[in-house]
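Protein chains in written order, with the numbering used here: chain L, 380 to 675; chain C, 45 to 188.
These aren't lab readings, by the way, just hints derived from the structure by calculation. Values in this document were obtained by computation on a predicted structure and should not be read as measured data. The beta-carbon is built from N, C-alpha and C at its ideal position, and this holds for glycine as well. Be aware that a few hints might be false.
As the list claims (entries may be wrong) - The calculated label-pair distances, taken between Cβ atoms and stated as ranges, are:
no.	chain 1	residue 1	chain 2	residue 2	range
1	L	GLU519	C	GLY64	19 to 29 Å
2	C	LEU86	L	ASN598	15 to 25 Å
3	C	GLY81	L	GLU519	37 to 47 Å
4	L	ALA577	C	GLY108	45 to 55 Å
5	C	GLY84	L	ARG510	52 to 62 Å
As the list claims (entries may be wrong) - Each computed DSS-like pair below joins lysine-lysine, with the alpha-carbon atoms no more than 30 Å apart:
no.	chain 1	residue 1	chain 2	residue 2
6	C	LYS147	L	LYS501
7	C	LYS66	L	LYS557
8	L	LYS535	C	LYS79
9	L	LYS526	C	LYS66
10	C	LYS66	L	LYS535
11	L	LYS526	C	LYS79
12	C	LYS147	L	LYS526
13	L	LYS526	C	LYS54
Claimed, not checked - Chain C is faced by these chain L residues, among others (derived, beta-carbon under 8 Å):
no.	residue
14	SER420
15	ARG427
16	MET428
17	LEU431
18	VAL435
19	GLY532
20	ASP592
21	ILE594
22	PRO597
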Amino acid sequence: MAQLQDISRRIASVSNTRKTTKAMEMVAGARLRRAQARIESLRPYAERMIELMQEVARHADTSEKFALLETHEEEKRVGIVMLTGDRGLAGAFNSNILRHGLELHDSILAEGKEVVWVVIGKKGCSTMRFRGHSLSEGIEGITDRPKYTDAAGIAKTIVDMYANYELDKVHLVYNHFKTPMEQVVTDQVVLPMGGEVAEVIAAAEAEGATEGDFIYEPNAAAILNDLLPTYVDTALYRALLESTASEHGARMTAMRSASENAEEMIEHLTLQMNRARQAAITQEILEVVAGAEALA
Amino acid sequence: MEPDNKIKCKLKCEIVTPEGLKYDDCAIMVVVPGKVGELGILPRHAPIVSRIVIGKVMVKGEDGSRERFAVGDGYVKVQYDRLLLTVDTAERASEIDVERSRKALARAEGWLERARHGDSSVDTNRAYSSMHRARNRLKVAGAE
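The shape of chain L in the complex, shown without the other chains:
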């Protein structure tokens, strides 16, 4: 009898766990949809920004040097901006990022350079501090609903450090959102600016200054000089949104498999309980029959 009660108690406990994981799965699903919608809303802004940059670069005097496009001759201090989450229970979401960040850190140290950490998310901050790394910035509490101004503030710090030669290169490490089930750890060099922006500027240079039919206020080079940091803001904001969407996706997947495991366990335990109950009944009948026989 005692065994029977134990099993039914365990079933109750596992089904409570399942209720929690189911609820977390649903919440993560709803938040994921919201996060995806926010990535979508950013797209027109990002596209306009690049368009504008093309337009302006074509008319700007590109013989002038732009601090954010310049590679520093000597690479001494490398910044790593690492985006993690504020909460756990999201599968390998945080640990994948941390693993990549630490590998990057080791390889930079091996080259005899210094690492400057900028970590976003409570999970990343506490792990890094626990491991004895000092953080140049540790930002918590923004990953749930990242705001553009958050991204702009962080980007400004990095951009200023780069322009003042306090940093010679900056990596951005985050989870890129591919599908709700799949996150790809992405390592992007944001400073010096390369990729898309460098292409745009190089193309404009190759084309040469066309007849300027645009009026520029104050002037094309000044606008371009302002646009470049704005591009870093946008890149960081996008990474924050991607990371948030990835986190919810990872949590949803992790919670779904937890719920499935709980269900399996409940099935297994129920079977066990029924067997035990049957055995107990059989036992009782045998005892009654044996008792009756003894009396006869």
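Using the hints provided, position chain C relative to the given structure of chain L.
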């Protein structure tokens, strides 16, 4: 960019922010806060690209209605009777949360007060910028 005024507008006005498209309609006049002063844009304006600073945008629709927005930093581009305003924030005057803006203003002023008393942990640039933004929102909402 080709002139793609599919819907024939005197002046097509689009306001884009990182949070999405805030305005997309025809207008007959738009006033924007340029870096070197306010710019009034009418149909058939010469092509122009200008920096936009924190301030007020006024859009006069084709039916004569006026809409006001509080905007943050950004850029404006006008070409082929199409006005593209790309800013980091844009709030319609009617959607501004006055209470929140008042609180933000008080908070920013508090930071600056502390900075004046030698608190070096305050990011004065950021404090000035949020004070500026909060004042602008209140002004556009007509609450100051």
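Cross-check of the supplied hints:
{"no.": "1", "hint": "L:GLU519 to C:GLY64: 19 to 29 Å", "in the structure": "27 Å, holds"}
{"no.": "2", "hint": "C:LEU86 to L:ASN598: 15 to 25 Å", "in the structure": "23 Å, holds"}
{"no.": "3", "hint": "C:GLY81 to L:GLU519: 37 to 47 Å", "in the structure": "41 Å, holds"}
{"no.": "4", "hint": "L:ALA577 to C:GLY108: 45 to 55 Å", "in the structure": "47 Å, holds"}
{"no.": "5", "hint": "C:GLY84 to L:ARG510: 52 to 62 Å", "in the structure": "58 Å, holds"}
{"no.": "6", "hint": "C:LYS147 to L:LYS501", "in the structure": "27 Å, holds"}
{"no.": "7", "hint": "C:LYS66 to L:LYS557", "in the structure": "27 Å, holds"}
{"no.": "8", "hint": "L:LYS535 to C:LYS79", "in the structure": "20 Å, holds"}
{"no.": "9", "hint": "L:LYS526 to C:LYS66", "in the structure": "16 Å, holds"}
{"no.": "10", "hint": "C:LYS66 to L:LYS535", "in the structure": "25 Å, holds"}
{"no.": "11", "hint": "L:LYS526 to C:LYS79", "in the structure": "25 Å, holds"}
{"no.": "12", "hint": "C:LYS147 to L:LYS526", "in the structure": "18 Å, holds"}
{"no.": "13", "hint": "L:LYS526 to C:LYS54", "in the structure": "35 Å, violated"}
{"no.": "14", "hint": "SER420", "in the structure": "3 Å, holds"}
{"no.": "15", "hint": "ARG427", "in the structure": "5 Å, holds"}
{"no.": "16", "hint": "MET428", "in the structure": "6 Å, holds"}
{"no.": "17", "hint": "LEU431", "in the structure": "6 Å, holds"}
{"no.": "18", "hint": "VAL435", "in the structure": "6 Å, holds"}
{"no.": "19", "hint": "GLY532", "in the structure": "6 Å, holds"}
{"no.": "20", "hint": "ASP592", "in the structure": "6 Å, holds"}
{"no.": "21", "hint": "ILE594", "in the structure": "4 Å, holds"}
{"no.": "22", "hint": "PRO597", "in the structure": "6 Å, holds"}
Of the numbered hints given earlier, the model fails hint 13 alone.
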